[in-house]
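From just these sequences and the hints, can you work out the full model?
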Amino acid sequence: MVTQPQANVKAEASTQLALQDAQEAEKYMHSLSGRETAVVFALENAQEDLDAVDNFEDSYLKPLKIFDAVIDEIANVCRPCSRSEPI
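If you want my numbering, it's the position in the sequence shown, counting the first as 1, plus 1033.
Mixed in with the good hints, there may be bad ones.
[Stated by the list, open to error] Just the calculated beta-carbon pair ranges, DEER-fashion:
1) S1064 - D1101: 51 to 59 Å
2) A1079 - C1111: 23 to 31 Å
3) E1069 - A1108: 52 to 60 Å
4) F1100 - F1074: 30 to 38 Å
Because the hints were derived from the structure by calculation, they are not lab data. Ideal placement from N, C-alpha and C gives every residue a C-beta, glycine not left out.
Structure (structure tokens):
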């Protein structure tokens, strides 16, 4: 059976070892270069861009279809013969 003081010593040694490992790993870390930063930035905004593409029809195409239908109706009212005869 491990007594309380022995458990504390083991936990402290484990913590010290983990700290040393982290300090050693830090030596091999480096900052991201310009290209890597640009890629990270692009990936961070990827979901926003995909959402914009998903909303493209609602944002742009539906209003244009409505506008087109209104213009067709106006053209039909102003010149009823334009439906069958080209100008």
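Against the structure, the hints:
1. In this structure, S1064 and D1101 meet the distance hint of 51 to 59 Å, their C-beta atoms being roughly 52 Å apart.
2. Between A1079 and C1111 the Cβ separation comes to about 47 Å, which falls outside the hinted range of 23 to 31 Å.
3. Range check, E1069 to A1108: about 55 Å between beta-carbon atoms, so the 52 to 60 Å window is met.
4. As the Cβ distance of F1100 to F1074 is approximately 36 Å, the hint placing it in 30 to 38 Å holds.
Violated hint for the displayed structure: number 2, the only one.
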